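Student: Throw the hints in and build the complete structure from the sequences for me.
Heads up: the protein sequence lines correspond to chains G and H, in order. Just so you know, we're using the numbering used here here: the first sequence kicks off at 25 and counts up by one. Just so you know, we're using the numbering used here here: the second sequence kicks off at 148 and counts up by one.
Treat the hints loosely; a few may be bogus.
Computed list of lysine to aspartate or glutamate pairs in EDC-like fashion (alpha-carbon distance at most 20 Å, straight line) [what the hints assert, rightly or not]:
{"#": "1", "chain 1": "H", "residue 1": "K401", "chain 2": "G", "residue 2": "E305"}
{"#": "2", "chain 1": "H", "residue 1": "K346", "chain 2": "G", "residue 2": "E316"}
{"#": "3", "chain 1": "G", "residue 1": "K315", "chain 2": "H", "residue 2": "D371"}
Everything labelled a hint here was simulated from the structure, so no lab data went into it. Because the structure is a prediction, the values reported are computed rather than measured.
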Amino acid sequence: MIESTPVITSEEQVTDQPGKNGALLSLQGLKVYFELRKFGFGSAGFVHAVDDVSFDVRHGEAIAVVGESGCGKSSLMKTILGLNKPTEGHVIYEGKDLGKMEPKVLKWYRTQVGYVQQDPYGALPPFMSAQRILAEPLIIGGVKDKGEIADRINKVMMEVKMTPVNDFLTKFPHMLSGGQQQRMVIARAMIMNPKFLVADEPVSMLDASVRVEILKLLRGLQESYNLSVIYITHDLSTVRYFSERVFVMYAGKIVEKVNIGDLLRNPLHPYTVALLTGTSEPDAKNATTYKEVPPGEPPSLVSPPPGCRFHPRCAKMIQGLCEVQEPPEYNPEPEHTVLCWLYKNENDSR
Amino acid sequence: MADTELLRVEDLKLYFRTTQGVVQAVDGVDFNLTYNRAVVVVGESGCGKTSLAKAILRLLPKNIDTYSGHVYLNGTDVMAYDDEEFRQNVRWIKMSLVPQAAMNALNPVIRVGDQVAEPAMIHLGVKQNEAMEMARKMFQNVGVPADFLVRYPFELSGGMRQRAAIAMSLVTSPLLIVLDEPTSALDLLTQANIMNVLKRIKHEFETSYILITHDIATSSELADDVAVMYAGQIVEVGDTPRFFPAPLHPYSRKLMNSVPRLHGNKEPDFIIGQPPSLISPPTGCRFAARCPSRFDKCVEDPPTFTIEGRRVKCWLYA
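Tutor: Rendered as structure tokens:
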């Protein structure tokens, strides 16, 4: 059984400083653990869903968090949205610590952040019309003027290309196709004019032919409003068209941070290399060759392996090092960091 | 045995009765499959891919309106069999199915070993311990440790359950396996692993596959031929070395362009509009409304043209 509220073990000081180089959002040593309960009260250990994650998101930048299911992507995202409390570490938005926000400030934070859910049908209330779905955040946000509400709904519907707007406003979610439902979800995320979007696998439930359309729509919104976007996905082939930086996540840790160009040119972590090799492209030659795939499966996050968490599956494992000590963050080239012992000699600044 | 025809489907139709009207899910499908090859059926959701699989294996729901056409397996028309003959002589023995979301298709209260052994006991008539031995061998072939035989499905990860489902489809050594979206619910590396397993089985056991999917990129790992399905009909059939670089039908071209690629500089594109309703499909070419190269002729239903062994249902090739 997993207890829904994570335990708070640290009462550290608030580091109330804005992130470096004007970051909009900054994660500092973020840990999210969930306690496992035994018979309802005894503790049976912790699920180390997010383990010591730090990064900055700059203004107007799209980043992608890539990883397999169960690697902690969604826990990370929920913590950023303020739906989970961090066990340790801080989420700093414009210099304010999310964990210490007053309810009023938290309400403001929620207008700043838009959330695009994975399953559009599950995310839209089935008993509300499109008009009502989009009005709800405005009403809660304190917009009282009916004319203003109508104007803003109209504007956002035009932006997600749900035209003619009046035809769609009276429709209920079940009357829309999958792609249209996902546009509604995006419209709802955009209606409060956020500075920042969190998109959790926004296209994984959609048909291949619609996926690109939705990604292009999101990219267009990001560019025209200078939004910061965290795009969570397991599909490396779409990342390229959508983001500037990629964070590869494995078993609760971000193992590599890389600019999109360098990801294809020079992937460093063996796990990143495995993900890139595992991604198929339509090519007739594929049928005649076998793919190199690391053996085994991602580890349990209750008792992750000691040392590097990827070592049991890694072909380049260094005996006596990888399974003993956790690798620190190395920086073999500018704007490219990796959590792997292989890069120890290239830059031994630590 | 190479180049011998294994399966030929002719004018296969499967219509369902619903409260809104008759859904023409599979509407006059023709294709064939050579021995030890894999054909992948691709298309958007709702185009009738899964219904095609069900029509071939005759796993039909109750609300059937029309079920007609011919399915020749090794030259015999199995559509002429009655249900009992079909069950005894075709299903599992000659053709088996790995259903969609196979990882959730296992019975949760029966040990996986028993489930994998069951088709062998029922259809091959072997004794239980012999069947368990066959199941153990199959587990080895698909890469599941033998001690997993006594586990329950919930004790296996998604990838392992998918492998167990593949082991089950293999245990009776069928000639043809129909795989309905075998990897779409799995993680990237698990997908690649399963594809490797299927490829090895194809080489070792000389099985043939019909792979039903919407994911062209992953299916290219296994495919020898591609059949593109749109609104209940097959609009193009071709071999992969010629299909992937240059598809013929405008829909196939659009579909290939919508695949995001890791390498190369081609920006992916999308298909404007939605597939038509299968209750009252448009007359003439069903793709005409979304087609960039439509012309006057498209109001008539195009026949299938054959160009150097590739078949395409489009007036452009008349």
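Student: Which hints, by number, does the structure contradict?
Tutor: none
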